[in-house]
Amino acid sequence: MTRTLVVVGNGMVGHRLVQALRDRDTEHGWRVVVVAEEGRPAYDRVALSSYVDTWEPTALSLPGAEFTEDGAVELRLGDPVTSIDRAARTVTTAAGHVQSYDALVLATGSYPFVPPVPGHDLPGCFVYRTIDDLDAIRAAAERARSRRHAGRLAGMVVGGGLLGLEAANALRGMGLSPQIVEMAPRLMPIQVDDGGGGLLRRLVEKLGLTVHVGASTDSITADDDRLLAKLSNGVELDLDVVVFSAGVRPRDNLARESDLAVGPRGGIVVDDGCRTSDEHVYAIGECANLDGRVYGLVAPGYAMAEVVADRLLGGSAVFPGADTSTKLKLLGVDVASFGDAHATAEGALEVVLNDPVAGSYSKVVVSDDASTLLGGVLVGDVANYDTLRALTGEKLPAEAVQLIMPAGSESAGIGVGSLPNSAQICTCNAVTKGTLIEAITSGAATTVPALKACTNAGTGCGSCVNTLKQLLSTCGVEQSKAICEHFPQSRAELFEVVQITGIRTFTELIAKHGSGRGCDLCKPAVASILASLESGHILDGEQATLQDTNDHFLANLQRNGTYSVIPRIPGGEITPEKLLAIAEVARDFGLYTKITGAQRIDMFGATVEQLPLIWRRLVDAGFESGHAYGKALRTVKSCVGTTWCRYGVQDSVSLAVELELRYRGLRSPHKLKSAVSGCARECAEARGKDFGVIATEQGWNLYVGGNGGFRPRHADLLVSDVDTETLIRLIDRFLMFYIRTADRLQRTATWIEAMDGGLDHLREVIVDDSLGICAELEAAMAAHVANYSDEWRGVLEDPDKLARFTSFVNAPGTPDPMVSFREERGQRVPVLIGVPEVASR
Amino acid sequence: MTMMQETGLTVVCAYDRLQPERGVAALLPNGEQAAVFRTHDGELYAIGNIDPFSGAAVLSRGIVGDRSGVPVVASPIYKQAFDLRTGMCLDDPSVSVRVYEVRQVDGMVWVGSP
Numbered sequence: 001m002t003r004t005l006v007v008v009g010n011g012m013v014g015h016r017l018v019q020a021l022r023d024r025d026t027e028h029g030w031r032v033v034v035v036a037e038e039g040r041p042a043y044d045r046v047a048l049s050s051y052v053d054t055w056e057p058t059a060l061s062l063p064g065a066e067f068t069e070d071g072a073v074e075l076r077l078g079d080p081v082t083s084i085d086r087a088a089r090t091v092t093t094a095a096g097h098v099q100s101y102d103a104l105v106l107a108t109g110s111y112p113f114v115p116p117v118p119g120h121d122l123p124g125c126f127v128y129r130t131i132d133d134l135d136a137i138r139a140a141a142e143r144a145r146s147r148r149h150a151g152r153l154a155g156m157v158v159g160g161g162l163l164g165l166e167a168a169n170a171l172r173g174m175g176l177s178p179q180i181v182e183m184a185p186r187l188m189p190i191q192v193d194d195g196g197g198g199l200l201r202r203l204v205e206k207l208g209l210t211v212h213v214g215a216s217t218d219s220i221t222a223d224d225d226r227l228l229a230k231l232s233n234g235v236e237l238d239l240d241v242v243v244f245s246a247g248v249r250p251r252d253n254l255a256r257e258s259d260l261a262v263g264p265r266g267g268i269v270v271d272d273g274c275r276t277s278d279e280h281v282y283a284i285g286e287c288a289n290l291d292g293r294v295y296g297l298v299a300p301g302y303a304m305a306e307v308v309a310d311r312l313l314g315g316s317a318v319f320p321g322a323d324t325s326t327k328l329k330l331l332g333v334d335v336a337s338f339g340d341a342h343a344t345a346e347g348a349l350e351v352v353l354n355d356p357v358a359g360s361y362s363k364v365v366v367s368d369d370a371s372t373l374l375g376g377v378l379v380g381d382v383a384n385y386d387t388l389r390a391l392t393g394e395k396l397p398a399e400a401v402q403l404i405m406p407a408g409s410e411s412a413g414i415g416v417g418s419l420p421n422s423a424q425i426c427t428c429n430a431v432t433k434g435t436l437i438e439a440i441t442s443g444a445a446t447t448v449p450a451l452k453a454c455t456n457a458g459t460g461c462g463s464c465v466n467t468l469k470q471l472l473s474t475c476g477v478e479q480s481k482a483i484c485e486h487f488p489q490s491r492a493e494l495f496e497v498v499q500i501t502g503i504r505t506f507t508e509l510i511a512k513h514g515s516g517r518g519c520d521l522c523k524p525a526v527a528s529i530l531a532s533l534e535s536g537h538i539l540d541g542e543q544a545t546l547q548d549t550n551d552h553f554l555a556n557l558q559r560n561g562t563y564s565v566i567p568r569i570p571g572g573e574i575t576p577e578k579l580l581a582i583a584e585v586a587r588d589f590g591l592y593t594k595i596t597g598a599q600r601i602d603m604f605g606a607t608v609e610q611l612p613l614i615w616r617r618l619v620d621a622g623f624e625s626g627h628a629y630g631k632a633l634r635t636v637k638s639c640v641g642t643t644w645c646r647y648g649v650q651d652s653v654s655l656a657v658e659l660e661l662r663y664r665g666l667r668s669p670h671k672l673k674s675a676v677s678g679c680a681r682e683c684a685e686a687r688g689k690d691f692g693v694i695a696t697e698q699g700w701n702l703y704v705g706g707n708g709g710f711r712p713r714h715a716d717l718l719v720s721d722v723d724t725e726t727l728i729r730l731i732d733r734f735l736m737f738y739i740r741t742a743d744r745l746q747r748t749a750t751w752i753e754a755m756d757g758g759l760d761h762l763r764e765v766i767v768d769d770s771l772g773i774c775a776e777l778e779a780a781m782a783a784h785v786a787n788y789s790d791e792w793r794g795v796l797e798d799p800d801k802l803a804r805f806t807s808f809v810n811a812p813g814t815p816d817p818m819v820s821f822r823e824e825r826g827q828r829v830p831v832l833i834g835v836p837e838v839a840s841r
Numbered sequence: 842m843t844m845m846q847e848t849g850l851t852v853v854c855a856y857d858r859l860q861p862e863r864g865v866a867a868l869l870p871n872g873e874q875a876a877v878f879r880t881h882d883g884e885l886y887a888i889g890n891i892d893p894f895s896g897a898a899v900l901s902r903g904i905v906g907d908r909s910g911v912p913v914v915a916s917p918i919y920k921q922a923f924d925l926r927t928g929m930c931l932d933d934p935s936v937s938v939r940v941y942e943v944r945q946v947d948g949m950v951w952v953g954s955p
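Protein chains in written order, with the working numbering: chain A, 1 to 841; chain B, 842 to 955.
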């Protein structure tokens, strides 16, 4: 049986309730009727002030707020509920509609408090709560502007809290001079203390706002077509607009009129399940009074919405309590407060660091014995906020004053190392320091990306990423540039060792400069270095044992133990005859084919013993290895350029082919991708590549350090309008410098980011030759180009190497019984016979 | 396949066919697959070839080395290291692959169930 839920109010919290209920009500137990006063569907009221940037209401839209696809939700907007009949379980709207309910949720929010100042209701006086309010303020400002031709328009904001400062900024955005009047002795009296308020005031005044604190408004009177306000401090203000933002009050009148319990200072009294004194009626958000508190923040409102959704579906969720810590940027000023910011606990002590010169104010509140952190206020510099909030309620790890020393100062003692294990480092995903330490010390994560992947920390707002780095460093992880337990050197250092000593075998290198027998980290790294410094085949002698399976079999290992094969198709240009050759190979060996994102064709499902047979056919048809398996140059993608395109300005295909043939087979710390676009329309997506070239009327622009993948990044412009010869010389230098100095598996983007001096330094080295190494880099590339040979052909021509391509050493030719296929959309795909016995990763 | 009657071992290849620190796969008479390794010091090891994390028969194609002195092979699929002596996965000690007996007799390598 479907019951009816009536939700009164369609603000952010009411909307969240409907969403949460609809997400979970899979049995269709509830039909939902939303009755609301505002005429538009729920919108992002927290971001209301950003409305003045665009004056576009849809910019504040909440996704799915219209429920147009959901037959179980009915929105009745613009017709407020005027009464509740609890005995009959019905509500009546202003238009006279009567709606019955099985459960009723009041999410009526709050209303702006307007102090009873004489003249508060004159034309030109507004509140700051809805999109309609802002439209009205804007219309009044426009009218005033049209009446006056000289002088600036002026607006008064009554209330210097969070919302008042936002309103003042909105007025500023409309071209009015804002005057803020705050009764308390400081701005933002709820969040900050006198010291923080004083600094905030100075910072705000620098922006052209006028602040009157400790003052109230005595009267507002009409003065021709303007308004005149008299303040309690004797100041008189000529004004065009007045905005009241002196706090909000819970909108509990419906509850009062229907005899539901309300708090002494307002708010509909609810229990921890958000139920009012009537078991069929709930209240959530800013109209609710829970444990004697009314919350004016959206997060606790959302938590209440979740509780009620759960209760309506038979659950027993309770309100988990609310973190009222805030950190925000107001008018460009960072402000944060957390915990017992006003030292209300008995005997609480305040430790303050006030630096008006640097523009920062920090205060921590500690227990009477100075042992426990209770709360604090930060203005201007909020760098310590995340750590301090994590530490709130915990034992102090250092002297209190050290907690608020600016970062970088010598005595700054609050390293993350001093936090207790229970402290939450990532508050978005509730990850504690203990969990992170566990992940680091167990070896599961030794980098920030790995830490993010295995704990989820830092994947929300990202503000704790620096703390993650510090944690790694306290655990002794980050400092080490060692490749692995066998080599203390970084890859760049090892490259130099190999280059200078002339050592050319792994066994000699590890004996003289490392320890043990190596592993899957250092062996491929050394193999790559050796490949960069000499020109033999990568499977020659001992080198073969260093290669990762992909390099060892010159193909890409897939999940069922078979490999995929990608021949080189330079620049993505291919003749019909060659396309036919690929098609015939794929058909004859039963390979699954797919077009790759790099303008090539991938053939999947080849077994080890099939690989040389496949290469033989491909090599005979004029193909060579595409190095899709290697940490090497993959492809140089291109658009068709001037040859065909009406818009092209250079021949992008010819350049792409030239570049791909020049750098094919080049081994590097990680894979290398490139592209050439024939005009600024960038159809080849060159800026998503390690080195990308975009044609200009005058020549070529070279971009470096782009990539797609896990963390996409656009490449940065290195040089513009260079000719082809200069372009190739610069790419030669760029690639060789990267190959010699990057870390293992470091793409060009992170290599440049990690470089001291970044892109500017890179430009100095490879364009201006500041280190005097460019001739050597060019010579190294010339040697690579001269010595290139196809790796597939190298295997086909060497019986010893060919002998390794067998399924079983004692039964060559017997296929691996674990490999099996089924058909999908006309092609063969793997059947996993060997279902994994255990979950991986 | 040649079998040693009394031990149940199977000859898989000549010792010299094994490149140090590079494995080969061997098919046993009962249909099982062994990954056979010769380490840098000449020692022979044989463990199950099927990677328990992926179900693919690939351990013979992993990189051989050591972890803190323990001889290991790293699965080429997801890189977990397996102790060549015991078959235990060092990254997840609850997981292991079986170990086969392996012997060198007259220059030939024999593998079988212990």
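These aren't lab readings, by the way, just hints derived from the structure by calculation. Note that this is a predicted model, so its numbers are computed, not measured. Here a beta-carbon is modelled for each residue, glycine too, at the ideal position from N, C-alpha and C. A hint or two may mislead.
Not close to chain B: a few residues of chain A, all C-beta gaps over 12 Å, as computed [to be verified]:
1) PRO264
2) SER515
3) LYS523
4) GLY541
5) THR545
6) LEU546
7) PRO576
8) GLY708
9) ASP800
10) ARG804
11) PRO817
Derived Cβ-Cβ restraints for the label pairs, each shown as a range [to be verified]:
12) A:SER473 x B:ASN871: 49 to 59 Å
13) B:THR927 x A:PRO817: 33 to 43 Å
14) A:GLU797 x B:TYR856: 47 to 57 Å
15) B:THR927 x A:SER442: 55 to 65 Å
Calculated lysine to aspartate or glutamate pairs in the EDC-like style (CA-CA distance at most 20 Å, straight line) [said to hold, decoys possible]:
16) A:LYS512 x B:ASP857
17) A:LYS801 x B:ASP857
18) A:LYS395 x A:ASP355
19) A:LYS206 x A:ASP381
20) A:LYS512 x B:ASP907
21) B:LYS920 x A:ASP368
Hints, one by one, checked against the model:
Distance check on PRO264 (chain A): its Cβ is at least 59 Å (rounded) from any Cβ of chain B, clearing the 12 Å threshold; non-interface status holds. Its closest Cβ contact with chain B, about 9 Å, brings SER515 (chain A) to no more than 12 Å, contrary to its assignment away from the interface. A beta-carbon of chain B comes within 12 Å of the beta-carbon of LYS523 (chain A); the shortest separation is about 5 Å. Its beta-carbon lying about 9 Å from the closest one in chain B, GLY541 (chain A) breaks the requirement of being farther than 12 Å from that chain.
The beta carbon of THR545 (chain A) is not kept farther than 12 Å from every beta carbon of chain B, the shortest such distance being approximately 4 Å. For LEU546 (chain A), the requirement that its beta carbon stay farther than 12 Å from each beta carbon of chain B is not met, with the minimum near 8 Å. A cut-off of 12 Å between C-beta atoms confirms that PRO576 (chain A) is not in contact with chain B; the least separation is 36 Å. Listed as a non-interface residue, GLY708 (chain A) keeps its Cβ farther than 12 Å from every Cβ of chain B; the least gap is roughly 23 Å.
With a closest Cβ-Cβ approach of about 10 Å to chain B, ASP800 (chain A) is found to fall inside the 12 Å limit, against its non-interface label. Annotated as non-interface, ARG804 (chain A) brings its C-beta within 12 Å of a C-beta of chain B; the closest such distance is 8 Å. Not every Cβ of chain B is farther than 12 Å from the Cβ of PRO817 (chain A); the closest lies at roughly 7 Å, contradicting the non-interface assignment. Judged by the Cβ atoms, the range 49 to 59 Å given for SER473 (chain A) and ASN871 (chain B) holds: they are separated by roughly 52 Å.
For THR927 (chain B) paired with PRO817 (chain A), a C-beta distance near 26 Å fails the hint of 33 to 43 Å. The hinted range of 47 to 57 Å is not satisfied by GLU797 (chain A) and TYR856 (chain B), whose Cβ atoms lie roughly 27 Å apart. Look at THR927 (chain B) against SER442 (chain A): about 20 Å separates their beta carbons, and that is not inside 55 to 65 Å. For the suggested pair LYS512 (chain A) and ASP857 (chain B), the alpha carbons sit about 27 Å apart, so the restraint of at most 20 Å is broken.
Distance hint between LYS801 (chain A) and ASP857 (chain B) is fulfilled; the C-alpha atoms sit about 15 Å from each other, no more than 20 Å. About 26 Å separates the Cα atoms of LYS395 (chain A) and ASP355 (chain A), which puts this hinted pair outside 20 Å; it is violated. A hinted pair counts as satisfied when its Cα atoms are at most 20 Å apart, and LYS206 (chain A) with ASP381 (chain A) qualifies at roughly 17 Å. This hinted pair checks out: LYS512 (chain A) and ASP907 (chain B) have alpha carbons roughly 17 Å apart, not beyond 20 Å.
Under the criterion of a C-alpha separation no larger than 20 Å, the hint pairing LYS920 (chain B) with ASP368 (chain A) is inconsistent with the structure, at around 54 Å.
In this structure, the earlier hints numbered 2, 3, 4, 5, 6, 9, 10, 11, 13, 14, 15, 16, 18 and 21 are contradicted, and the remaining ones agree with it.
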